[in-house]
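Asks: Need the complex rebuilt from these two chains, each delivered in its own frame; the hints are there to steer you.
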Amino acid sequence: MNSRENILSRIAANKPDLLELPKVNPDVFIDGKNIIDEFTKKVEIAGGNLFEVVSNEDLISQVITMFPEAKINFSTLKGTESFNTLSVDANKAPQDFEDLDILILESNLGVAENGAVWLPDNNMPMRVLPFIAKHLVIALKKEAIVTFMHQGYQKLASEGTDFGVFISGPSKTADIEQSLVIGAHGALSLSVFLM
Amino acid sequence: MSHSKAASIFNKDEKKVNWHDKALWFVRHKRDKSTHTVAGWEELRNLGHGIKAHTLSNLDTYLIQFEENALKNGIQVHWAADGDEHNRIVHSILKEHHAKKVVKSKSMLTEECHLNPFLEADGIEVIDTDLGERIVQLAKEPPSHIVLPAIHKTKEEVDELFQEHLGTKPCDGDPQYLTGEARKHLREKFIQADAAITGVNFAIADTGGIVVCTNEGNADMGAHIAPVHIACMGVEKLIPKQEHLGVFLRLLARSATGQHITTYSSHFKKPREGAKMHIVIVDNGRTEQLSRPDFRASLHCIRCGACMNTCPIYRRSGGHSYDATIPGPIGSILSPGKDLKKHSSLPFASTLCGSCSDVCPVKIDIHAQLYKWRQIITKETPQPFVKKTSMKMMGNIFSKPMQFNKVGGIARWSLRNLPKGVINSKPNVWGKGRDLPIGPKESFDTWYKNRKKDE
Chain A
1 MNSRENILSR IAANKPDLLE LPKVNPDVFI DGKNIIDEFT KKVEIAGGNL FEVVSNEDLI
61 SQVITMFPEA KINFSTLKGT ESFNTLSVDA NKAPQDFEDL DILILESNLG VAENGAVWLP
121 DNNMPMRVLP FIAKHLVIAL KKEAIVTFMH QGYQKLASEG TDFGVFISGP SKTADIEQSL
181 VIGAHGALSL SVFLM
Chain B
1 MSHSKAASIF NKDEKKVNWH DKALWFVRHK RDKSTHTVAG WEELRNLGHG IKAHTLSNLD
61 TYLIQFEENA LKNGIQVHWA ADGDEHNRIV HSILKEHHAK KVVKSKSMLT EECHLNPFLE
121 ADGIEVIDTD LGERIVQLAK EPPSHIVLPA IHKTKEEVDE LFQEHLGTKP CDGDPQYLTG
181 EARKHLREKF IQADAAITGV NFAIADTGGI VVCTNEGNAD MGAHIAPVHI ACMGVEKLIP
241 KQEHLGVFLR LLARSATGQH ITTYSSHFKK PREGAKMHIV IVDNGRTEQL SRPDFRASLH
301 CIRCGACMNT CPIYRRSGGH SYDATIPGPI GSILSPGKDL KKHSSLPFAS TLCGSCSDVC
361 PVKIDIHAQL YKWRQIITKE TPQPFVKKTS MKMMGNIFSK PMQFNKVGGI ARWSLRNLPK
421 GVINSKPNVW GKGRDLPIGP KESFDTWYKN RKKDE
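Quick mapping for you: the protein sequence lines, in order, are chains A and B.
191 is the number that UniProt numbering gives to position 191 of the first sequence; each next residue is one higher, with no gaps.
415 is the number that UniProt numbering gives to position 415 of the second sequence; each next residue is one higher, with no gaps.
Isolated chain B, as found in the complex (with noise of 0.2 Å):
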């Protein structure tokens, strides 16, 4: 289904729209509040961008001096060349230590790889620790955003699921309630699980150490109790060294949440003693996107989700209407690289604002590159019959003055003098849900030319 498609589904239910929208602005907002409380954001963003790129001009090196180190500190290091091998791995890991409870903290590469249910499908339980991925977990459907996985669910709606799989007493939706049920629940699972699986946030190639970083102390309460750790993640998460931390983690939860950083940011170097620590590096796509030179930029993206929290597309048609393992702007560039057929309408399902590109931490041009995916998809797949004939028309009018100045007077004529049921007829998808301005009497170049002639 398009995201044109998937969204107007979203919108036959207007306060729910509207709710959305506001809850994601509310976010947007307390970006805004604290980033304005650091000098030299500015700086800090262009830092953020600089360490990326130069990390992915190198990254083969980085990767090698990574892997070393890690498994000079005791690490077992395994390389994924796509989702298949890395689920096969982690399930391998799991069989070796004949582990039948995982707990996972959030992981947007083990989402990508579809992990959990390759798991499952052996009769290993998977559970998601991350309270917003536990509830889209309980409901069965995928997360709707990379930090806020539930922000399409309503606080009743959590109430009537956890009453149905929990078994906790009708609350109206009191989250204080919930999310005390939430941890009784989730403390049992940490207490008996046999591995934990959690992302990664940030590998450091000069100490082969990652960072790991919750709110909620979900990855932490996973990875000290079970036996065996196992980190999963994309080739892109290097950074140099372990100075450029302050960099990223000034950027990240300011960018996320508003908040000057996450409860917890672990840094795992070595595993505990008596313990397993394995990790495994993941390229699925990454080093195709990284071929390309006006697309390798969105590497860069650390996962902090402003993008979507600001944009008025994502914010308005919600994040199941991407069908994509990463919604909104960011994953509207990351996606056609991934499959260009199945994610072909992404790039169009943005107004070009650029909203998203200013609000980046790392200064990823992220409306540059959904213009460009645009320019190729426009190429490369079909286009629906109205659009291709109403662009080649234009194209031959806009190349021709005379003719262009024709059609303008009868646009203009027909803006002010058609009933509105012709205007707004079914063709006109700008006429859908709004009107279009009364045809002014004369057109900008008229207008121009008159005024020049009075001076």
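Just chain A, same shape as in the assembly (with noise of 0.2 Å):
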């Protein structure tokens, strides 16, 4: 017998009588807290900035000021094209986004409970981007915050996602004493635009 057909019989032999599946209802969870107040709050929690904007161009330049030093910058919004100063191909490997300074996304998932965003890889060119960039800037509008996780998922049983990936706040660490630091291996920084 080989080792798939052994574990399983084992686990058929072993296991308890059948047991039932909750069911989750996620009206149990209601808080009555505002849900953008809270998004902005856990964003910053997650060590993210927060703004506000009225179109891409106005996120563009916002961004333009707030990383004066950048020199190799990725949009994938509309109509920012001149932001580009470089191509996303099949061509390119993984390992030569290494130096890439701004990377600016969409997202259409927000999770206020937790400040999280939903990157899925129809969005993304490439897999590895929004972990090797320096720093990451998500474009999201306001109606596609949910309150909880549970509505995060119920929006997205409909999506066959290959990979995705919910997002909060830049890569951290606090494994020296505890103390906490911002920019471990992913972004050193992350914003979070609302529209």
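FYI, nobody ran anything at the bench for these hints, they're computed from the structure.
Note that the structure is predicted; figures quoted are calculated from it, not measured.
It is possible that part of the hints are untrue.
[Said to hold, decoys possible] Computed list of lysine-lysine pairs in DSSO-like fashion (alpha-carbon distance at most 27 Å, straight line): (1) A:K41 x B:K30; (2) A:K71 x B:K184; (3) A:K155 x B:K270; (4) B:K184 x A:K92; (5) A:K92 x B:K101; (6) A:K15 x B:K363; (7) B:K406 x B:K449; (8) B:K270 x A:K92; (9) B:K72 x A:K155; (10) B:K241 x A:K23; (11) B:K100 x A:K155; (12) A:K92 x B:K276; (13) A:K33 x B:K30; (14) A:K41 x B:K342; (15) A:K134 x B:K184; (16) B:K372 x A:K15; (17) A:K92 x B:K95; (18) A:K134 x B:K372; (19) B:K379 x A:K15; (20) B:K441 x B:K453; (21) A:K33 x B:K441; (22) A:K15 x B:K338; (23) B:K189 x A:K71; (24) A:K92 x B:K100; (25) B:K363 x A:K23; (26) B:K241 x A:K15; (27) A:K134 x B:K101.
[Claimed, not checked] Output of the computed footprint for chain A on chain B, the stretches with three or more beta carbons under 8 Å from beta carbons of chain A: (28) 27 to 40; (29) 263 to 271.
All C-beta atoms, glycine included, are put in the ideal place defined by N, C-alpha and C.
Replies: Right, dumping it as structure tokens:
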């Protein structure tokens, strides 16, 4: 018997009688908090920055002022092509983006309870980008924010994403004596622009 | 070495013990602050418990479903009965891809299987990329905590370690500088890696996908750059549906560090174009634990570490004193199932205060299981002479009320009159490092009867 059969037959023999799968009722968690206020607060707790803008142009001009030293930039937002200093195509390897200073992506889902934004790989030309870029900037519509993770997954249920990530704040670590340091292996900063 | 002996060595440096205790209590406190802001937290814990219990009761079906979906998604699936087979599978995948340089993100399973030495023996470089894990790897030590692997190291120790291995400048343990240097050092490793190994936090049966949670982004930096991604998971990582992540991702980070969610919760379903993805599903004693009705709930564990941070014994004895891959309360109920003799002292490394069960996000009855392991261990493994005889004597005394009263009287008198040197003599471990209270003049029984008389 190979290990697969072996493991499966041992489980079949050792498992308890079937127990019922509990139903998740998200209404139990309703806390009446203001969704935008809560999202703003949680993005900041996670070490991110939050801004409000009216248009993509407005967003780009704010980003340029925030990072005057940035040289290598890439954005997927409509009408921001002049911001890009490089192109992302299939011929390039993930390693080629090591020096990417600013990456601007769009998110279609934010979660108020933890300040996380969802990035599916349809929204990014290459999976490594939001991790390898020094400064990650996310554009998010206010209507795209839900209260809890439960509602977030309800929205994702119909999406067949091959890869996707919830990101909350910049990369961080507290592995040296519990001192929080922003900027571990991923982005050194995360800015969310609400529209 | 028994836990108590290893703990007494750790306790020789009292200042460091106090520092360790406080560092972990700080994390426990952060957990409290964040969980208290969640309406319905207890309901969330109930759901976590219920979903895991259901999954275990149908685990074979879910594993088959998971495999079927993962294969459809273009992921190769492997099955390993034990740690040795797991290591051989990972090794053969690496060989197949001529991988010489491997970056690994946190995976307690690969620690449990001792994967690194196995691969290193064949000249493969394995770099642990979580900062805490890299610190203990450089120090040639195992992690002392499952979420905070280097919690036992002071920043000055890390400073010295980095000077020696990474050529950093002396900095009085400046965490900002040291982390920055580690980022540069590991960035190079990510860029050059031939393969990436990650753990798995959750495997979803109905999508065939896996979720990996990190704060540093190291799992993603590995998996999205290297041409091969190998994800290693125990059979118990399964959950039925993607929507259940809503429950577990709300519980995990809050319980672990007090964050509302980890920085990155990465959902892998298909390999990226041109890359390969493998999943290794491992048993290594888990199906046996499933057969034990009293202990199977230990397989609910989502590895948050909250039971360690809250445990008065763990905080004062350090993770290494457990001499097990998973230390602390949860480790003490998992390890005896693997090797009862080697880990026979672990279920006794507890005051049975129950704090571990109170903070557990999936409501494992940890302290009750510790108590149950004690019953088994006392029967099945040889006990120290003093403990055995004193237990027998106590059993004898408690079974005869007259004798109990007499001995109680003598004990109370002794605690009032005998010199401390006699009371705290060697066989009385309760007198070690503390004084026993002065014996009262009368027993509770006498006091109660007198009180009744006065009514």
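Asks: Hint by hint, note whether the structure agrees.
Replies: Checked hints:
Straight-line distance between C-alpha atoms of A:K41 and B:K30 comes to about 17 Å, which keeps the hinted pair within the 27 Å bound. Distance restraint check for A:K71 and B:K184: the Cα-Cα separation of roughly 20 Å lies within the 27 Å cut-off, and the hinted pair is therefore satisfied. The hinted pair formed by A:K155 and B:K270 meets the criterion: a straight-line CA distance of about 20 Å does not exceed 27 Å. Distance hint between B:K184 and A:K92 is fulfilled; the C-alpha atoms sit about 22 Å from each other, no more than 27 Å.
For the proposed pair A:K92 and B:K101, the alpha carbon gap of about 21 Å is at most 27 Å, so the pair holds. This hinted pair checks out: A:K15 and B:K363 have alpha carbons roughly 19 Å apart, not beyond 27 Å. Pair hint B:K406 plus B:K449 holds up; C-alpha atoms about 17 Å apart against a cutoff of 27 Å. With a C-alpha separation of about 20 Å, the suggested pair B:K270 and A:K92 falls inside the 27 Å cut-off, and the hint holds.
Taken as a hint, the B:K72 and A:K155 pair is honoured in the structure, with Cα atoms around 23 Å apart against an allowance of 27 Å. For the hint pairing B:K241 with A:K23, the CA-to-CA distance comes to about 12 Å; that is within 27 Å, so the pair holds. Straight-line distance between C-alpha atoms of B:K100 and A:K155 comes to about 41 Å, which puts the hinted pair past the 27 Å bound. A threshold of 27 Å between alpha carbons decides the hint, and for A:K92 with B:K276 the separation of about 17 Å falls inside it, so the pair holds.
Using a Cα cut-off of 27 Å, the hinted pair A:K33 and B:K30 holds, with the two alpha carbons roughly 21 Å apart. Simply put, A:K41 and B:K342 have alpha-carbon atoms about 48 Å apart, too far for the 27 Å limit, and the pair is violated. For the given pair, A:K134 sits about 13 Å from B:K184 by alpha-carbon distance, which is consistent with the 27 Å threshold. The hinted pair formed by B:K372 and A:K15 meets the criterion: a straight-line CA distance of about 20 Å does not exceed 27 Å.
The suggested pairing of A:K92 with B:K95 holds, with an alpha-carbon distance near 26 Å, which does not exceed 27 Å. Only pairs whose Cα atoms come within 27 Å are accepted, and A:K134 paired with B:K372 is rejected, the gap being roughly 51 Å. The straight-line distance between the Cα atoms of B:K379 and A:K15 is roughly 26 Å, inside the 27 Å bound, and the hint therefore holds. The straight-line distance between the Cα atoms of B:K441 and B:K453 is roughly 18 Å, inside the 27 Å bound, and the hint therefore holds.
Proximity of A:K33 to B:K441 is assessed by CA-CA distance (about 59 Å); at most 27 Å being required, the pair is judged violated. Note on A:K15 and B:K338: the hinted pairing holds, with a Cα-Cα distance of about 18 Å set against a maximum of 27 Å. Restraint check: the Cα-Cα separation between B:K189 and A:K71 comes to about 24 Å, which is no more than 27 Å; the hinted pair holds. Annotation: proposed proximity of A:K92 to B:K100 holds, straight-line Cα distance about 23 Å (limit 27 Å).
Simply put, B:K363 and A:K23 have alpha-carbon atoms about 17 Å apart, close enough for the 27 Å limit, and the pair holds. The straight-line distance between the Cα atoms of B:K241 and A:K15 is roughly 20 Å, inside the 27 Å bound, and the hint therefore holds. For the given pair, A:K134 sits about 25 Å from B:K101 by alpha-carbon distance, which is consistent with the 27 Å threshold. With a threshold of 8 Å between beta carbons, the proposed coverage of the segment 27 to 40 of chain B by chain A holds, since 4 of its residues qualify and at least three are required.
Requiring three or more residues with a Cβ within less than 8 Å of a Cβ of chain A, the coverage given for the segment 263 to 271 of chain B holds, as 8 such residues are present.
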